[in-house]
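Trainee: One line per chain: the protein sequences are A and B, in this order. For the first sequence, counting from 1, position 108 maps to 108 in this note's numbering; every step adds exactly one. For the second sequence, counting from 1, position 83 maps to 83 in this note's numbering; every step adds exactly one.
Some hints here could point you the wrong way.
[What the hints assert, rightly or not] Result set (DSS-like, lysine-lysine): computed pairs, CA atoms no more than 25 Å apart in a straight line:
no.: 1; chain 1: A; residue 1: K54; chain 2: B; residue 2: K99
no.: 2; chain 1: A; residue 1: K103; chain 2: B; residue 2: K29
no.: 3; chain 1: A; residue 1: K29; chain 2: B; residue 2: K93
no.: 4; chain 1: A; residue 1: K93; chain 2: B; residue 2: K99
no.: 5; chain 1: A; residue 1: K58; chain 2: B; residue 2: K5
no.: 6; chain 1: B; residue 1: K74; chain 2: A; residue 2: K74
no.: 7; chain 1: B; residue 1: K29; chain 2: A; residue 2: K93
no.: 8; chain 1: A; residue 1: K74; chain 2: B; residue 2: K54
no.: 9; chain 1: A; residue 1: K74; chain 2: B; residue 2: K93
no.: 10; chain 1: A; residue 1: K54; chain 2: B; residue 2: K103
no.: 11; chain 1: B; residue 1: K74; chain 2: A; residue 2: K58
no.: 12; chain 1: B; residue 1: K58; chain 2: A; residue 2: K58
no.: 13; chain 1: A; residue 1: K5; chain 2: B; residue 2: K58
no.: 14; chain 1: A; residue 1: K99; chain 2: B; residue 2: K54
no.: 15; chain 1: A; residue 1: K54; chain 2: B; residue 2: K93
[Claimed, not checked] Quick list of the computed label-pair ranges, beta carbon to beta carbon:
no.: 16; chain 1: A; residue 1: R46; chain 2: B; residue 2: R31; range: 33 to 43 Å
no.: 17; chain 1: A; residue 1: Q50; chain 2: B; residue 2: R7; range: 14 to 24 Å
no.: 18; chain 1: A; residue 1: G72; chain 2: B; residue 2: K99; range: 19 to 29 Å
no.: 19; chain 1: A; residue 1: S10; chain 2: B; residue 2: L97; range: 24 to 34 Å
Hints in this document: simulated from the structure, not taken from any laboratory. All figures in this text were calculated on a predicted structure; none of them were measured in a lab. Note that the Cβ used here is the ideal one computed from N, Cα and C, for glycine as well.
There are 2 protein chains.
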Amino acid sequence: MPTSKVRTYSLISHEAVHLISNLIKVARKERQYTAQEVAERAGISRGLLQRIEKGDLKCSIGAVFEVAAIVGVKLFDAEATTLMKHILHIEEKLALLPKSVHKRTKVVDDDF
Amino acid sequence: MPTSKVRTYSLISHEAVHLISNLIKVARKERQYTAQEVAERAGISRGLLQRIEKGDLKCSIGAVFEVAAIVGVKLFDAEATTLMKHILHIEEKLALLPKSVHKRTKVVDDDF
DNA sequence: CACTTATGATCCATACATAGATCATAAAAT
DNA sequence: ATTTTATGATCTATGTATGGATCATAAGTG
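With the sequences and hints as input, model every part of the structure.
Mentor: Here it is as structure tokens:
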């Protein structure tokens, strides 16, 4: 066997994705959508939707967000999260920051 | 050319991912982290980090969330979002819902 | 009850995301 | 100024995520 790569993720990532997946699953059932329906509307396969609803970390973020939007889960809408409020100035903030990060190569020459 | 598949995404998905990517980029620079550093810590390539910071929808959600955690972007932490509050009962909620969604196959037989 | 449909799981083939390298430019340091 | 380092872009090879099918079971329907 050609030794497949096993990526490891932090707990917080697992939890976050698990959370989203549960939100999606609940929302879909509340709205009485069939897995097949949602998959078609999202332009993905039913199999992928299954993995998304299971919290598979390897699914593309686009697919996950697309499904979330379809079943009505507001992840980053202004009403749903405070995140959006901080965002408004993010582009400007980015412009002000230095373009690249340079590390000190020499140790600080503390003379004492 | 073997006609590559072009997936289409809704505006909201684009915006959400774009938002996250900007948050990540700003956070990384504020903390003076090199792209190389962050990539290594996340266990991904610098190239992938570039795509993440660009808002590429095809990156895996695990990689994106991992990087976000490393640079200190709180996407779904209790303090950062109201989402977490709704979540607490999500598992119970899921348990109460019907296990599968069945569609009406016959049209409602409205007799008039 | 019988019947239908949804879901979950598994397998395979292939399109594609990713790692890794290289190069050019830009920005910071000295 | 020179030198060093970070970033952005591009290319290739390969591991793998995804689509599509199938099957078994569960869960509604009538």
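Trainee: Would you check the hint for K54/A and K93/B, treating anything up to 25 Å between C-alpha atoms as holding?
Mentor: holds, 16 Å
Trainee: Quickly compare the C-alpha distance for K74/B and K58/A to 25 Å and report which way the hint goes.
Mentor: Given that 25 Å is the threshold and the Cα spacing comes to 20 Å, the pair holds.
Trainee: Hint check: K93/A vs K99/B, CA-CA at most 25 Å. Holds or violated?
Mentor: Roughly 47 Å separates the two Cα atoms, so the pair is violated.
Trainee: Has the given pair, K58/A with K5/B, been kept, meaning a C-alpha gap of at most 25 Å?
Mentor: With Cα atoms ~19 Å apart, K58/A and K5/B stay inside 25 Å; holds.
Trainee: Does K103/A pair with K29/B here, judged by a C-alpha cut-off of 25 Å?
Mentor: holds, 12 Å
Trainee: Straight-line Cα separation of K29/B and K93/A no greater than 25 Å?
Mentor: holds, 11 Å
Trainee: Starting from K58/B, check that the Cα of K58/A is at most 25 Å away, please.
Mentor: Cα-Cα ~10 Å, so holds.
Trainee: Per the hint of 24 to 34 Å, is the separation of the Cβ atoms of S10/A and L97/B within bounds?
Mentor: holds, 30 Å
Trainee: Are K74/A and K93/B close enough, with their CA atoms no more than 25 Å apart?
Mentor: The given pair, whose Cα atoms are some 18 Å apart, holds under the 25 Å limit.
Trainee: With a cut-off of 25 Å on the C-alpha distance, tell me whether K54/A and K103/B pass.
Mentor: holds, 23 Å
Trainee: CB of R46/A to CB of R31/B, is that within 33 to 43 Å?
Mentor: The hint (33 to 43 Å, Cβ to Cβ) holds, given that R46/A and R31/B are roughly 41 Å apart.
Trainee: K29/A and K93/B were given as a pair; does the straight-line alpha-carbon distance stay at or below 25 Å?
Mentor: holds, 11 Å
Hint 4 from the list above is the single one not met by this structure.
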